[in-house]
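If you're matching them up, the sequences are chains A and B in order. My numbering puts the first residue of the first sequence at 1, with every later residue one more than the last. My numbering puts the first residue of the second sequence at 1, with every later residue one more than the last.
By construction, these hints were calculated from the structure, which means they are not laboratory data. Positions of the beta carbon are idealized from the N, C-alpha and C atoms, including for glycine. The reader is advised that the hints may include incorrect statements.
Using 27 Å as the maximum straight-line C-alpha spacing, the simulated DSS-like pairs for lysine-lysine come out as follows [as the list claims (entries may be wrong)]:
#1 A/K115 <-> B/K23
#2 A/K61 <-> A/K143
#3 B/K23 <-> A/K206
#4 B/K54 <-> A/K143
#5 A/K115 <-> A/K61
#6 A/K378 <-> A/K61
#7 B/K54 <-> A/K204
#8 B/K54 <-> A/K158
Quick list of the computed label-pair ranges, beta carbon to beta carbon [as the list claims (entries may be wrong)]:
#9 A/L150 <-> B/D28: 13 to 21 Å
#10 A/L141 <-> B/G38: 15 to 23 Å
#11 B/D28 <-> A/V209: 36 to 44 Å
#12 B/P24 <-> A/L366: 34 to 42 Å
#13 B/G38 <-> A/E345: 28 to 36 Å
#14 A/D62 <-> B/D28: 14 to 22 Å
#15 B/D28 <-> A/H308: 30 to 38 Å
Away from chain B, derived, C-beta distances all over 12 Å, residues of chain A [to be verified]:
#16 A193
#17 R419
#18 S421
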Amino acid sequence: MTRRGSSVSLALASAATALLPATHSIAAEPWQIDAELLYYSESGGRVSDNSFKSIAQRSWKDEGNLVFGLQLDSLTGASPSGAIALDEVQSITQPSGNNSVVTQPGELPLDDSFKDTRLALTASLSNVLETGARYSAGTSLSKEYDYLHLGGNASYAKDYNNSNTTLSAGFAIAQDTVEPVGGAPIPLSFQRAEGAVSDRAKNKSKTVVDALFGLTQIINRRSLFQLNYSLSLADGYLTDPYKVLTVLDDVGNPVDSIQDDIYQYRYESRPNSRLGHNLYLEYKHRFDAAVYSASYRYHTDDWGVDSHTIESRYRWLLSSKHYLEPNIRYYSQSSADFYRAYLPEGEIPENASSDYRLGEFTGLTLGVSYNRTLGVGKSIGASIETYETSGASTEIPDENEQTRLAPYPNLRATIVRFRYSFDW
Amino acid sequence: MIKRLALVGFCCALSSCTQLGVKPWDRDLLADPMMEIGSDPLRTAVDDHIYFSKEATSGGRGFAGGGCGCN
Chain A
1 MTRRGSSVSL
11 ALASAATALL
21 PATHSIAAEP
31 WQIDAELLYY
41 SESGGRVSDN
51 SFKSIAQRSW
61 KDEGNLVFGL
71 QLDSLTGASP
81 SGAIALDEVQ
91 SITQPSGNNS
101 VVTQPGELPL
111 DDSFKDTRLA
121 LTASLSNVLE
131 TGARYSAGTS
141 LSKEYDYLHL
151 GGNASYAKDY
161 NNSNTTLSAG
171 FAIAQDTVEP
181 VGGAPIPLSF
191 QRAEGAVSDR
201 AKNKSKTVVD
211 ALFGLTQIIN
221 RRSLFQLNYS
231 LSLADGYLTD
241 PYKVLTVLDD
251 VGNPVDSIQD
261 DIYQYRYESR
271 PNSRLGHNLY
281 LEYKHRFDAA
291 VYSASYRYHT
301 DDWGVDSHTI
311 ESRYRWLLSS
321 KHYLEPNIRY
331 YSQSSADFYR
341 AYLPEGEIPE
351 NASSDYRLGE
361 FTGLTLGVSY
371 NRTLGVGKSI
381 GASIETYETS
391 GASTEIPDEN
401 EQTRLAPYPN
411 LRATIVRFRY
421 SFDW
Chain B
1 MIKRLALVGF
11 CCALSSCTQL
21 GVKPWDRDLL
31 ADPMMEIGSD
41 PLRTAVDDHI
51 YFSKEATSGG
61 RGFAGGGCGC
71 N
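Based on the sequences and whatever the hints tell you, model everything.
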C-alpha cells in the first residue's frame with residue numbers, strides 16, 4: 001500500500017508526535033479508500049472464495065482517525081467432513097440430514113453442501129487525549145447463513161522516552177452464535193442416515209474475550225520493533241457441528257451402524273472453553289531502497305496446541321513510484337490433545353475431533369506483490385501467493401497386522417489479489 | 001521457571017529501551033508510513049482471516065477474536 005506522498009516537513013512533524021499512525025496537520029483530510037479483490041482457491045475441488053474487502057479511513061485535526069471496513073465473501077467448494085478414506089464405498093449424511101454424499105474407495109470424504117456468503121463490517125475511532133495518550137474503540141459484525149458474530153474492542157497507548165517507546169493495552173469481547181444447518185448434533189452421538197430424525201439443538205453460542213499488551217520501540221534511525229503478549233479466552237460452544245469421526249474396529253474395518261444402513265460415524269466434540277497465549281515480535285528495518293520486516297509468533301493453549309509462525313517481507317523500492325515485495329511465511333503446529341483421525345469401536349472419549357486444522361502440520365506460504373503509485377493518494381497493486389500444508393499421517397490397525405496410514409488431508413491453495421487505493 | 005525467565009527478560013528489555021531511540025530530527029526514515037507497524041491493515045486483516053480459517057492459532061499482532069464459522 002502506498003499512501004499519499006508527504007513533504008519532508010510534514011513527515012518530520014508527524015514523526016515527532018508519535019509512533020502510532022501518522023496524521024498530517026491538515027484539518028480536512030479526504031477519505032483514504034483501500035479496496036481489494038481476492039480470489040482464493042484450494043486444489044482438488046475444495047474451498048474457493050471470491051472476496052471483496054475495503055477499508056475507508058479519514059483523519060482530522062491532526063489527531064482523530066475514523067476507520068470503516070467492509071468484507072464480502074462468496075464461498076463454494078467442498079470441505080473435509082472429518083471421516084477417513086476407506087477401501088469401501090461410503091455414504092455420509094449431509095448436515096441437513098436430507099441428503100448424503102457417496103465417496104468412492106480410497107477417496108477422502110468431502111462435504112460439498114455448503115455455499116456461503118459472508119458479510120463483515122467493522123468501525124473504529126481513535127483520538128488523542130489531553131495527556132497525549134491515544135485511545136481507540138471499535139466494533140465488528142459479521143453474518144453468514146448459519147453464523148452471527150458481534151464484537152467490540154478498546155485500546156489505549158501512550159508514548160514514553162521522547163516518543164521512542166510506546167506502551168499499549170487492549171481489550172476485546174465477541175459473542176458468536178451458530179445456527180447449524182439441520183441443528184447442532186449431540187457431541188459424539190452417531191450420525192443417522194438421511195431422512196432419519198435425531199435430537200438436535202437449534203443454536204449454540206460462544207463468548208471470546210481477548211486482552212493484548214504491547215511495547216513498540218524505536219531502535220535507531222532505521223529500525224524498530226514491536227513486542228505483544230496477548231491472551232484469549234473462549235467459552236461456550238467451540239465444536240464444529242458439521243464434522244464427524246469414522247469408527248473402526250480393532251483390525252481397521254468400518255463398523256456397521258446398528259440403526260441405519262451406513263457405517264458408524266460419531267459427531268465430534270470439543271471442550272467448552274479454551275485459553276490461549278500469544279507472544280508476538282515484529283521487527284522492521286529501512287534500507288536505502290528497501291523495507292524489511294520479520295515477525296515471529298509463539299502460541300500455546302490448554303488444548304495442547306503449540307505453534308510457531310515466522311513471516312518475512314522484503315519491500316524492494318524500485319523507484320519512488322513502484323515496489324516489488326516477495327514474502328514468505330512458515331507455520332508449524334502440534335495437534336490438539338483430543339485430535340484423532342478415527343475412533344476405535346466402543347471408545348467414547350470425553351472429547352474427540354478429526355478436524356484437520358487441529359492436527360499436527362506445517363504450512364508454507366510463498367508470494368510476491370507489486371504496487372505502483374499513479375498519483376497523489378492513488379495506487380494499484382497485485383499479488384499472488386501459494387499456501388501449502390503438510391500434515392502427519394495416522395497409523396491405523398490392519399487385518400494382516402501391517403501398518404496402514406490415514407493420510408492427512410493436506411491443502412494447496414492459490415491466493416490472488418488486486419488492490420486499488422485512492423483518495424475520495 | 002520459564003515464566004520467571006520471560007519476566008526477567010522482559011524487564012531487562014524494557015529497561016534497555018531507555019538506551020534506544022532517536023532524536024526528533026532523526027526521524028526522516030521512520031516517518032515514512034511504510035515504517036509503521038501494521039502499515040497495511042487491509043492486507044493483514046485478509047491474511048489473518050485466511051489463516052484463522054485454516055489453522056488452530058490466531059491473533060498475536062492483534063486480537064485473536066472470533067468472527068466466522070469457517071470451512
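Q: Find the hints from earlier in the document that the structure breaks and name them by number, from lowest to highest.
A: Going through the list in order, the structure violates hints 1, 2, 3, 5, 8, 9, 13, 17, 18 and respects the others.
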